[in-house]
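Chains as they are written, first to last, in the numbering used here: chain A, 1 to 227; chain B, 1001 to 1262; chain C, 2001 to 2215.
It should be emphasised that the hints constitute simulated quantities derived from the structure, not laboratory data.
Possibly wrong hints are sitting among the right ones.
[Claimed, not checked] What the simulated footprint calls covered on chain C by chain A, stretch by stretch (three residues with Cβ under 8 Å from a Cβ of chain A suffice, anywhere in the stretch; the number is not a length):
| # | stretch |
| --- | --- |
| 1 | 2057 to 2068 |
| 2 | 2087 to 2097 |
| 3 | 2103 to 2117 |
[Unchecked claim] FRET-style restraints, in silico, Cβ to Cβ:
| # | chain 1 | residue 1 | chain 2 | residue 2 | range |
| --- | --- | --- | --- | --- | --- |
| 4 | B | 1204 | A | 211 | 45 to 53 Å |
| 5 | B | 1019 | C | 2212 | 35 to 43 Å |
| 6 | A | 71 | C | 2115 | 39 to 47 Å |
| 7 | B | 1181 | A | 131 | 24 to 32 Å |
[What the hints assert, rightly or not] Calculated Cβ distances over 12 Å to all of chain B for the following chain A residues:
| # | residue |
| --- | --- |
| 8 | 23 |
| 9 | 32 |
| 10 | 84 |
| 11 | 129 |
| 12 | 133 |
The structure displayed is predicted, hence computed values, not measured ones.
Each residue gets a CB set at the ideal place from its N, CA and C atoms; glycine is no exception.
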Amino acid sequence: MRPGTPSTAALALLRRDLLLLWRQRADALNPLLFALMVATLFPLALGPEAGMLSRVAGGIVWVTVVLANLLSLDALFRGDAEDGSLDQLAVSGQPLALLAGARILAHWLGTGLPLTLVAPLLAYMLGLERAALPVLVAALALGTPLLSLVGACCAALTVAMRRSGILLALLVLPLTVPVLIFGAGAVEAAATGGDPSAALLFLAAGLALALPLAPLGCAAAIRIGTA
Amino acid sequence: MNRFVLWFHRMGSPPTFYAFAERWRPWFLWSALAITAVALYWGLARAPDDYLQGDSFRIIYIHVPSAWMGQFIFLAMAICGFVAIVWRIKIAEIMGIASAPVGAAFTAIALATGSLWGRPTWGTYWVWDARLTSTLVLLFLYFGVIGLYRAIEDRRKAARAAGLLAIIGLVNIPIIQYSVYWWNTLHQPSSIKVTKMSSTIDPSMLWPLLAMAVATKLYYAWSALSRAQLMVLEMESGKDWVRELAGLPRVASPSTDTPREA
Amino acid sequence: MTSIDAPLPPLLTARGLRFSRDGESIFGPLDLEVASGAALVVEGGNGAGKTTLLRVLAGLLDASDGEIAWQGAVLDGGRRVAGSIALLGHQLGLKGDLTPRENLRFRLALGGLRTGITADAALRSVGLEGYEDAPVRTLSAGQRKRSALAALLLSPAALWLLDEPYANLDRGGQQVVDRMLETHCLRGGSVVFTSHGLFTPGLSRMATLDLGGRA
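Next comes chain A alone, as it looks inside the complex:
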């Protein structure tokens, strides 16, 4: 691999981000702990009655995943913006959309994928129908990359701001509505004996649409932000 080609650059960025994740692995656990904590709050608020909880379990897991994903979004581009790495990426002449895509992949590997793997545990604790568990994982496997892609666009837009936090949530949450609806819809269908495939197909279609478009949006947002 010759150094300096777009694919080398993108892979190197992915590698760098995974290395950084590993170096800060204590922090990397935070979204998972947050998800566990939030999932615990619901029974505390709603009461532990098994029948009621299992009916809402799919929805609770989905909301939890959406919120936990939000936690690590702010750091997606902010760290690079603050230490000058974003400037280096912009100045390198490499296609910024490809680099953004690598960054988003790293984010999903660090947040979305672990959440998808932990979700069955949360669902079990909340009493979700056994039959629905595989559908939950499938829906999250399709939905969490979507959340990362859409969230990354918003994170790139807020890089130009000093403080963010809540504003980022305000930007991201409306855009996650379709993912939430189809994702939770699939789980509900599976839990009540219906057919989850329509909802899953919608998620897949959304992912197919977002995969090429979101990195382009990120790149445009980064260029606006470094200016």
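Given the coordinates of chain A, assemble chains B and C onto it according to the supplied hints.
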């Protein structure tokens, strides 16, 4: 076609835009008010009762045009945003941002009137029906665009960032609306679609509605242009044409920007 | 039709370059020209716009007016040809949790590698021998600066844009920078760097651009 393109090109210049807005503003406002008065009189006083909903349906003359405007203005914002990002035209940046509060207001009115309509029809001020829910999400999108603009210090960068968000939002709006509609049918498969009126609408009810649609657009033009004028003045403050407008003498230096104090 | 003896177009030229933000003029109009093997030092007081000018030349910022040409061809927008410029910004572009060696490995995958040098050799020549595997956040400001300089050495780019290259460095570090600039220019590269005026590189072809703005 050429004249149209030329007109757009000239509108990109702040002094030309300002003069255009100054000239046409009053016309937009008065015609909007006039048409609104006629339409509302017709709709509220003269049109016959709906056989299903009685008098309460009359609120559609405010609710439906407001909802249309909420969506139309978002589209306008996204187009302005696109022009602003691709061609860096200041006026496009300004018009996009000037439109946002108007669109948010219309969306809020649509939400409020939809809710008021719900009271006599469903017995409650709020239900999670498809239209109300997706209007609420649209309102959140507006807040996001406005919030992003206000959070970035550099005005031009802020306008472009907000414009990009508007474009992203626009792409998502049909997806969001479809998903909310899908969600609604999933959970209420047999409910009557209460926000839909009788399937064929009598012409005597239609005309006021269309008139309101025109009136709201004129009102939007007035409101956005007025706001845009203020923003143009702010952005161009210190330049010669603004000084002339204020009756101040021209600055002697050849540069058109105010030089910074060391 | 260029013959062998015809001079190459200067690496970087700018005509009528101006930048203003929120109605305030930051700098301009400026004309500048940097030829192969030449250096341009941008001087000025705090807030005179030196960093802004550098960012405009790097393509990170769009000028309000004027044009920039690279090897004679006018540039459109911010995108630069891959590997054509190397930037040493105010923020160094290093990840604190990675070691200098890891940082350099990333930078050379991003920007390409100049022939005849390795990451370790670069770290040695900037005086970081022994610190290659310490996380950058544990290094002093001067050592971090040297790491960033090592990244510069690896870059194949012809044009270097350096923001305050001498800042945070001791006498030895400043000499490193002097040597780097000399060698780069002798090889036919060009440098544009900003300074408060506290440097002494012995470069044969060096011009000064003063943005003023001193209190």
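Going through the hints against the structure:
Taking a C-beta to C-beta cut-off of 8 Å, the stretch 2057 to 2068 of chain C contributes 5 residues in contact with chain A, enough for the three needed, and the coverage statement holds. For the stretch 2087 to 2097 of chain C, the stated coverage by chain A is satisfied: 10 residues place a CB nearer than 8 Å to a CB of that chain, which reaches the threshold of 3. Remark: the stretch 2103 to 2117 of chain C is confirmed as covered by chain A, as 9 of its residues place a Cβ nearer than 8 Å to a Cβ of that chain, reaching the required three. Between residue 1204 of chain B and residue 211 of chain A the C-beta distance comes to about 51 Å, which sits within the given range of 45 to 53 Å.
A hinted range of 35 to 43 Å for the beta carbons of residue 1019 of chain B and residue 2212 of chain C is consistent with their spacing of about 37 Å. For residue 71 of chain A paired with residue 2115 of chain C, a C-beta distance near 44 Å keeps the hint of 39 to 47 Å intact. For residue 1181 of chain B and residue 131 of chain A, the Cβ-Cβ distance of about 27 Å falls inside the hinted range of 24 to 32 Å, so the restraint holds. Every CB of chain B is more than 12 Å from the CB of residue 23 of chain A (nearest about 31 Å), matching its label as outside the interface.
Residue-level check passed: residue 32 of chain A sits 27 Å from the nearest beta carbon of chain B, beyond 12 Å. Every C-beta of chain B lies more than 12 Å from that of residue 84 of chain A, the closest at about 18 Å, which supports listing it as non-interface. Non-interface status of residue 129 of chain A relative to chain B is upheld: no Cβ of that chain comes within 12 Å, the nearest being about 17 Å off. Non-interface status of residue 133 of chain A relative to chain B is upheld: no Cβ of that chain comes within 12 Å, the nearest being about 20 Å off.
The structure meets every hint from the earlier list without exception.
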